[in-house]
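Novice: Starting from the known structure of chain A, arrange chain B on it as the hints suggest.
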Amino acid sequence: MTISTPAGLAAPKPRVPALSVEHIAVHFGGLVAISDLNFDVNEGEVLSLIGPNGAGKTTAFNIITGFLKPTKGTVRYRGTSLNGLKPHEITGLGLVRTFQRTSVFQTISVFQNVMTGLHRRGRSSLWDTLLALPQERQSEKELRDTAHEILKLVGVEHRAADIAGSLSYGDQRLLGVALALAANPTMLLLDEPVSGMNASETAAFMRVLTKLRGMGVTILLVEHDMPMVMGISDRIVVMNYGRLIADGPPAAIQGNPEVIQAYLGVGAKKRARD
Amino acid sequence: MRRLLPLLAVLAFASIPLWLKDPYLLNACVTTGIFIIAAMSLNLLLGYTGQLSLGHVAFFGIGAYVSALTSLGFDIELFGGIRVVHEPWPVWIGFVLAVIIAGICGYLVGKLSFRVRGAYFVIVTISFAEVVRLVALNWVELTQGPLALTSIPPFTLGLPGLGYLDLYGKAANFYLVLAIGVVCYVIISRLTRSRVGRAMVALKENESLAVSVGIDVTRYLILAAVTSAAIAGAAGSLYAHYLRIIDPDVFMFLYTVTMVIMVITGGKGTLAGPIVGGLIFGFIPVVARSFASPESQWILYGALMILIVFVLPQGIVPAIERWFGVVDENEGRAKLEPAK
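Protein chains in written order, with the numbering used here: chain A, 2 to 275; chain B, 141 to 480.
Chain A on its own, in the form it takes in the complex:
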C-alpha cells in the first residue's frame, strides 16, 4: 500500500509535541491495563494508536481525556499537565474526544445536537439569558450560524431537522464528529470512528478527516480498519499488553515483525521473516 500525503501537507512539519503521554501506568486492582505508555503527538499530525483488542487503547483514551485517573505518569497538552483536571476542563483546553459506538444525543434534533456541542462557545451569561438581553440573542444567532457551518462541513446538513436517533449509523458517527468539532478542538481524539461502517460510509468519513487535517487539527486515532489507518496516518504507534511495541511511519509499521506477531501470532512472524 502507498502512503498518500494530502496536498498542502507535503512540506515537512516542525515536530512540536502537542500532546505528551509521559510514562502512564494504569492498574485496576491487581490487573495492569497499561504498564508503561510513553508517546508524543505532534502539532497538526495524524497519529494512529493501534493494537489488538484489550491492548489498552481505550483505557489510554480515557486517561488522556480525564475520564480515568492514571496510577502513575502524566499527560501534558501544550505544556499544561492534565493531572487532576476534570473531563470538561480538558475539553476546555481544546482536547476533544469521540466515543466508541454512536455518541450523539439520541432524542433531540441533529441541529440541536450541534447547538448543544457549541456550549463552550456561548458567550451569554445567566442574566443575559433570564432577561433576554441583546447579548443573548446575538450569541444564539452566532451559535446557530456556526452550527450550520459545522453540519455542512461533515455533510449531514440535509438532516438538520431530524431526530438524531433516526439517522443511519454512518450519519450518526459523522454527527458525533460534528459534536466534537462544535467543542472547538485543537486536537481530536477519535475512538474507532469507522468500526461497523460500510465501505461508502468509511470513504465519507475519510473525506471529513482529510478536511480536518487540512484545517490543522491534530488527530489521535484509535482504529482497527487497517486500510484506513495506513492511508491517513502520518505516524503509527502500536500497543500490546499495555505497553508500546512499535512507533513509526505506516510503511515501517507494516513490516515490523513484532507488530505482525502481536496481531497474528508467532507463526505468522516466522512466515513474514521467511
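Hints listed in this document are in silico derivations from the structure and should not be mistaken for laboratory results.
Relax, there's no trap hidden among the hints.
Simulated coverage check for chain B against chain A, where a stretch passes if three residues somewhere in it have a Cβ under 8 Å from a Cβ of chain A: (1) 330 to 344; (2) 353 to 367.
30 Å max Cα-Cα, derived DSSO-like pairs, lysine-lysine: (3) A/Lys70 with A/Lys87; (4) A/Lys70 with B/Lys251; (5) B/Lys251 with A/Lys87; (6) A/Lys153 with B/Lys344; (7) A/Lys212 with A/Lys153; (8) A/Lys142 with A/Lys153; (9) B/Lys344 with A/Lys70; (10) B/Lys344 with B/Lys251; (11) A/Lys212 with A/Lys142; (12) A/Lys87 with B/Lys344; (13) B/Lys344 with A/Lys142.
No residue lacks a Cβ here, since even glycine has one placed at the ideal position from N, Cα and C.
Specialist: For chain B alone, kept in the frame of chain A given last:
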C-alpha cells in the same frame, strides 16, 4: 402561533374570576394554580435534567413555613439558652425569604445528592423531605407542630402613601397566583430554550458525551436544583398565605406524587406539560365530586392516570405536538417514540 398560544392561555386564565363566581370552584382554581407552579418547578429537574426528585414537596413546605414564620414572628430558645425573637415582618419579605431559603436548601440537597444519580438520588430526596417533615412536626416551639401555624396574614398589595390592600379574596389571590405563575413560566422558558437548557438536556440524554463537549455537569445540575427549589418555595409561600394555616401535612408524600403525576401525564420536558397535566389532575376531584361517591373519585383519578400513561407514554403535550406536526427550530420535528 407558538408565541401566541401562551399569551392566549394567560388571557383565558385571567378571565376566569370574571365569569366564575362560585367560591368553591374559584378556590379549586387557586390551589390548582399553586400546584401547577410547583409542578413546573419539578419539571425543570425531572423533565430537563432527568433527575427524579421524590422529595420535592420539602422545598414547597420549607417555602410555606419560612414565609409564614417570617410574617408571624416567633420566639424560641436554642441550645445554651440563646433566645431568638423575631418580630413579624411584611408578607412580601416572607415571600422573598421563602424563595431564597428554599433555593439554598436546593443547593445543599443538590450538592449532596448529585454525587449519586438515579435511584440513589430519589432516595436522598425522599429522606430529605421526611427529615424536614419530622422537624416541622416536632420542633413545636417554632412550628406549633401538629397544632399548625394559624392566622397567617394574607398577601398585601400596595404602595407606601397610597394605602394597602389585603389580598383576602379568592379572586385577588387567583390573580396573584397567575402573576407569579407567569413569572415562573418565563424564567423556566428562558432557561430551557437557551444554552443552559441545552446543557441540562444533554445531561439527561448522555452524561459522558455532555462532559466530552465541555459541559460542566455539576454546575448545571445544581443550577437546575436551585432554580427548581426556589420556584417550589415561591409556590409554598403562596400556599401558606392563601390558606392562612399550615401544618406538617404540607410535607405529605402525596403532594410530591401529585406533582410527579402532573408532570408525567402532561409531558415532561415540555413547557406546557405541567400546566396541562396540572389542570387535568387538579380538577378531576372537583369535577368527579359532582357525580361520584368519594371512593369512586379516586378510582377514576387512578384509572385516568393509567390510561394516559398507557396511551400517551410521553405525555399529552408531546402527543398534541406530534398530531399537529409542530416544527420548532429549537426542538426539531415532533419527537420520536422513545427508543426501547
